[in-house]
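Asker: Line by line, the protein sequences give chains A and B.
Position 361, counted from 1, in the first sequence is what the UniProt record's numbering calls 361; the numbers after and before it change by one each time, with no gaps.
Position 230, counted from 1, in the second sequence is what the UniProt record's numbering calls 230; the numbers after and before it change by one each time, with no gaps.
Keep in mind that the hints were calculated from the coordinates and are not lab data.
Hints may be right or wrong, so weigh each one.
Just the calculated beta-carbon pair ranges, DEER-fashion [stated by the list, open to error]: (1) Gln388(B) - Asp434(A): 50 to 60 Å; (2) Ala98(A) - Leu5(B): 51 to 61 Å; (3) Asp434(A) - Ala451(B): 14 to 24 Å; (4) Asp172(B) - Ala409(A): 39 to 49 Å; (5) Ser389(A) - Ala451(B): 54 to 64 Å; (6) Pro435(A) - Gln314(B): 52 to 62 Å; (7) Asp434(A) - Ala284(B): 44 to 54 Å; (8) Gln446(A) - Leu5(B): 50 to 60 Å; (9) Ala292(A) - Gln446(B): 15 to 25 Å.
Covered stretches of chain B, as calculated for chain A (at least 3 residues, CB under 8 Å) [what the hints assert, rightly or not]: (10) 180–189; (11) 218–226.
Computed from a predicted structure; not experimentally measured.
Backbone N, C-alpha and C define an ideal beta-carbon position, used for all residues, glycine too.
2 protein chains.
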Amino acid sequence: MTEVLARLRSEFGTEQVLAGADAAPFECDWRRRAPGRALAVLRPRSVAEVQAMLRAATREGLALVPQGGNTGLVEGSTPDDSGRELVLSLRRLDRIRAISLVNATLCAEAGALLQPLQQACAAQGLLLPLSLAAEGSCTLGGNLATNAGGTQVLRWGNARDLCLGLEVVTADGGLWSDLDGLRKDHRGLNLRDLFIGSEGTLGVITAAVIKLQALPRSRLAAWLAVPDLPAAMQLLQSARMALGDGLSGFEAMSQASQQLLDSLPLPACPWALLVELSSHRTEAEARAEFEAWLALALAEGWAQDAVLAHNEAQAQALWALREAIPGAQTRAGGNLKHDIALPLDRIADFVAACEARIARAFAGARPVVFGHLGDGNLHFNVAPPPGQSLADFQAQEPALNALVFDCVAEFGGSFSAEHGIGRLRRAELAQRLDPLALDLMRRIKQALDPANRLNPGRVL
Amino acid sequence: MTEVLARLRSEFGTEQVLAGADAAPFECDWRRRAPGRALAVLRPRSVAEVQAMLRAATREGLALVPQGGNTGLVEGSTPDDSGRELVLSLRRLDRIRAISLVNATLCAEAGALLQPLQQACAAQGLLLPLSLAAEGSCTLGGNLATNAGGTQVLRWGNARDLCLGLEVVTADGGLWSDLDGLRKDHRGLNLRDLFIGSEGTLGVITAAVIKLQALPRSRLAAWLAVPDLPAAMQLLQSARMALGDGLSGFEAMSQASQQLLDSLPLPACPWALLVELSSHRTEAEARAEFEAWLALALAEGWAQDAVLAHNEAQAQALWALREAIPGAQTRAGGNLKHDIALPLDRIADFVAACEARIARAFAGARPVVFGHLGDGNLHFNVAPPPGQSLADFQAQEPALNALVFDCVAEFGGSFSAEHGIGRLRRAELAQRLDPLALDLMRRIKQALDPANRLNPGRVL
Chain A
1 MTEVLARLRS EFGTEQVLAG ADAAPFECDW RRRAPGRALA VLRPRSVAEV QAMLRAATRE
61 GLALVPQGGN TGLVEGSTPD DSGRELVLSL RRLDRIRAIS LVNATLCAEA GALLQPLQQA
121 CAAQGLLLPL SLAAEGSCTL GGNLATNAGG TQVLRWGNAR DLCLGLEVVT ADGGLWSDLD
181 GLRKDHRGLN LRDLFIGSEG TLGVITAAVI KLQALPRSRL AAWLAVPDLP AAMQLLQSAR
241 MALGDGLSGF EAMSQASQQL LDSLPLPACP WALLVELSSH RTEAEARAEF EAWLALALAE
301 GWAQDAVLAH NEAQAQALWA LREAIPGAQT RAGGNLKHDI ALPLDRIADF VAACEARIAR
361 AFAGARPVVF GHLGDGNLHF NVAPPPGQSL ADFQAQEPAL NALVFDCVAE FGGSFSAEHG
421 IGRLRRAELA QRLDPLALDL MRRIKQALDP ANRLNPGRVL
Chain B
1 MTEVLARLRS EFGTEQVLAG ADAAPFECDW RRRAPGRALA VLRPRSVAEV QAMLRAATRE
61 GLALVPQGGN TGLVEGSTPD DSGRELVLSL RRLDRIRAIS LVNATLCAEA GALLQPLQQA
121 CAAQGLLLPL SLAAEGSCTL GGNLATNAGG TQVLRWGNAR DLCLGLEVVT ADGGLWSDLD
181 GLRKDHRGLN LRDLFIGSEG TLGVITAAVI KLQALPRSRL AAWLAVPDLP AAMQLLQSAR
241 MALGDGLSGF EAMSQASQQL LDSLPLPACP WALLVELSSH RTEAEARAEF EAWLALALAE
301 GWAQDAVLAH NEAQAQALWA LREAIPGAQT RAGGNLKHDI ALPLDRIADF VAACEARIAR
361 AFAGARPVVF GHLGDGNLHF NVAPPPGQSL ADFQAQEPAL NALVFDCVAE FGGSFSAEHG
421 IGRLRRAELA QRLDPLALDL MRRIKQALDP ANRLNPGRVL
């Protein structure tokens with residue numbers, strides 16, 4: 001292996017080929033579940049260098065693990081512990097290539113961090129409508145490779161829905177570029193949306209064109225106390241009618257997740273909702289519209305109480321509470337996580353059924369449920385019974401996952417909503433997906449990466 | 001062949017296997033450019049029958065051409081003239097399986113006509129945001145197979161953007177079903193968006209789940225007289241800011257296309273725009289917002305004159321004018337058609353350059369340009385010089401296409417925006433697409449339809 005390393009360094013330079021301690025930050029996943037060891041971490045400075053590195057991997061017969069900000073939650077972008085995989089870090093490909101006001105598009109490289117991209121667009125009066133907790137450290141390429149979701153999906157869709165085109169290095173080092181920024185384009189089969197969400201198993205995304213929106217003039221947020229999930233779904237339906245496209249956030253937090261927070265705008269209740277309205281109208285106009293809907297919600301009894309933020313700072317404070325939940329969970333001792341999606345018309349019944357089954361099978365275990373309710377996407381996490389350590393509870397993880405995911409399947413849902421498959425959910429995918437679908441996916445993988453060089457053992 | 005026909009009839013029944021004169025309506029394309037002859041037209045009544053018919057095609061070694069409403073413009077859904085292809089008409093699979101108010105989804109079969117689906121959703125207060133000229137006779141399956149565009153793309157996207165899931169019969173008769181209606185789902189590679197837009201070459205779509213929206217409370221339309229395309233693009237930018245998501249239509253008609261119409265709301269001008277606002281607010285509120293934007297447009301000189309429809313009937317009359325252009329072209333003697341897309345920031349320069357080149361190379365030829373300007377999608381049609389018949393002009397079609405499509409490529413556009421590839425643009429695709437992209441597409445085709453049984457010779 002030292003010979004391979006020497007050859008890579010001689011071809012690309014020492015700065016571009018990290019090993020040993022320098023490689024460590026790239027070897028362990030965000031949740032520190034799967035510490036790995038790479039033969040080397042490749043850090044290309046250009047698309048041409050990415051191509052050369054893929055050709056080098058082919059020549060050396062080595063597998064390659066593409067990596068963006070390494071904020072993934074499913075062990076999809078870090079090496080295994082064989083010491084034989086190459087990590088390909090895209091972080092140094094971080095240029096904004098263009099922002100077009102007329103075309104309302106951003107063209108940027110895969111390694112660019114999401115938050116600076118949001119800020120660069122906002123400076124031009126444009127909204128990059130992708131927002132997630134990791135935005136300060138995740139990359140555009142990683143967002144696309146995993147079809148990231150987040151808090152703006154309700155209005156703008158997942159990462160895939162925002163993307164007009166890609167630049168991709170293929171398994172054998174070829175370069176496919178589709179960066180014209182067209183809103184309609186029907187030249188043959190749709191490669192773009194196949195690469196998006198493929199978690200680096202079909203090609204390496206090096207750049208993308210993202211569709212931007214006019215920056216909303218006003219953003220308002222309200223915190224609602226809700227008696228139960230059926231009432232929350234009533235609120236969702238009425239908000240769609242009353243606020244139209246202005247409805248840009250519809251987050252839910254169960255009582256257990258509220259109780260993790262230091263201060264709450266309203267006393268803890270069965271479910272709290274964080275509802276956001278983004279409007280191109282003035283704040284006064286948007287506020288009048290939002291207040292009218294809140295009045296209806298209270299009059300109908302769908303909500304028992306509500307607080308509308310009085311200004312942008314208050315709205316941000318409400319969002320900060322919602323976003324504090326993951327960290328608060330960790331501080332409270334951690335839990336076992338399930339990133340699931342349900343049809344909106346079955347989600348209330350699912351939660352009731354699944355919590356009842358957990359209570360029966362894992363006495364004392366505490367569901368901590370929150371998430372993007374408007375998208376049907378819940379982070380259905382389960383904390384150990386009081387007094388039990390997370391490590392002890394983890395021994396029951398396979399049984400708990402089976403219970404939760406069986407229940408998800410029964411209610412027509414997905415065991416993987418926005419976090420991807422990676423290595424963490426690979427066995428689940430193989431076991432739960434329709435064998436025909438798996439077969440089609442494997443044929444596509446075989447067609448585009450016949451030597452199984454790209455992120456092998458992830459996803460499929 | 002008569003033996004094959006007899007076997008098919010014995011297996012599926014005479015009613016399900018048309019031949020001879022009964023097959024004629026299925027054999028010729030909408031534009032009557034490519035009359036074909038089928039061995040038989042298969043008309044399944046159920047998904048199981050679709051599967052059996054695909055297995056029969058495999059057994060008989062026959063190719064199969066899926067067909068919806070047969071309204072396609074690129075000869076993609078009709079048989080060639082060999083008399084050896086089977087047409088698979090999906091028209092009898094036309095049930096609405098479900099409309100969910102809470103999930104805001106429609107699940108319908110591929111053969112359902114678009115307009116009745118729109119109406120069924122509207123009756124529930126929901127908008128199916130796909131609208132195109134052929135909506136009275138095109139099918140949902142055809143819309144998805146071609147990733148149809150139309151007049152609502154600006155706000156809601158193409159057919160692909162509206163689809164949450166598919167049911168597909170694979171080349172060997174397998175059934176893949178993904179009809180859970182989830183807004184987030186990351187279970188492996190994205191098969192859905194690969195089947196969408198594949199024009200029946202990878203599988204046969206038998207049903208789909210479509211994401212619906214709240215029906216807008218008010219829809220307003222205005223006709224604007226505009227001096228040139230740069231002014232039109234200024235208007236688009238300002239409309240995005242002023243109307244936000246309410247902006248749901250932004251159509252353009254060149255002077256030549258206006259002159260095809262019997263009556264105009266404003267005297268013919270270099271470019272007319274039809275701008276639509278759809279709002280969840282009351283008509284009075286929406287009207288005030290629209291009028292404020294029109295006042296700005298006139299004050300800035302971007303528009304020289306404007307008419308805002310006073311009621312729904314007037315708005316529909318404006319749309320009827322826009323939609324009368326294709327028929328008016330035919331009555332005026334017809335023309336050669338190009339369905340193209342350009343980046344919004346290059347479209348004005350493209351039109352100027354392309355018209356100048358046509359004037360030089362085809363003296364007297366008359367561009368008749370109109371289309372979905374807000375999406376960068378133009379129907380860039382060219383009528384013969386006065387006195388020349390369309391048939392004579394058609395002799396120059398290859399040279400004209402080369403000129404137009406070369407110019408499109410030069411400005412970073414696509415020679416195929418929303419009509420598909422079929423047989424009509426297949427050679428163009430093979431010639432103009434990046435060989436690497438073609439190679440990737442062919443590998444995918446080979447992976448999913450190794451015997452090349454599904455719509456061979458279309459697209460790839």
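Asker: A separate judgement is required for each hint: does it hold in the structure or not?
Answerer: Each hint tested on the structure:
1. Gln388(B) - Asp434(A): 50 to 60 Å: 57 Å, holds
2. Ala98(A) - Leu5(B): 51 to 61 Å: 58 Å, holds
3. Asp434(A) - Ala451(B): 14 to 24 Å: 22 Å, holds
4. Asp172(B) - Ala409(A): 39 to 49 Å: 26 Å, violated
5. Ser389(A) - Ala451(B): 54 to 64 Å: 57 Å, holds
6. Pro435(A) - Gln314(B): 52 to 62 Å: 56 Å, holds
7. Asp434(A) - Ala284(B): 44 to 54 Å: Holds, since aspartate 434(A) and alanine 284(B) (Cβ atoms, about 51 Å apart) stay within the stated range.
8. Gln446(A) - Leu5(B): 50 to 60 Å: 37 Å, violated
9. Ala292(A) - Gln446(B): 15 to 25 Å: Once the Cβ atoms are compared, 57 Å apart, the range 15 to 25 Å for glutamine 446(B) and alanine 292(A) is violated.
10. 180–189: holds (count 10)
11. 218–226: Answer violated; 0 residues pass the 8 Å Cβ test.
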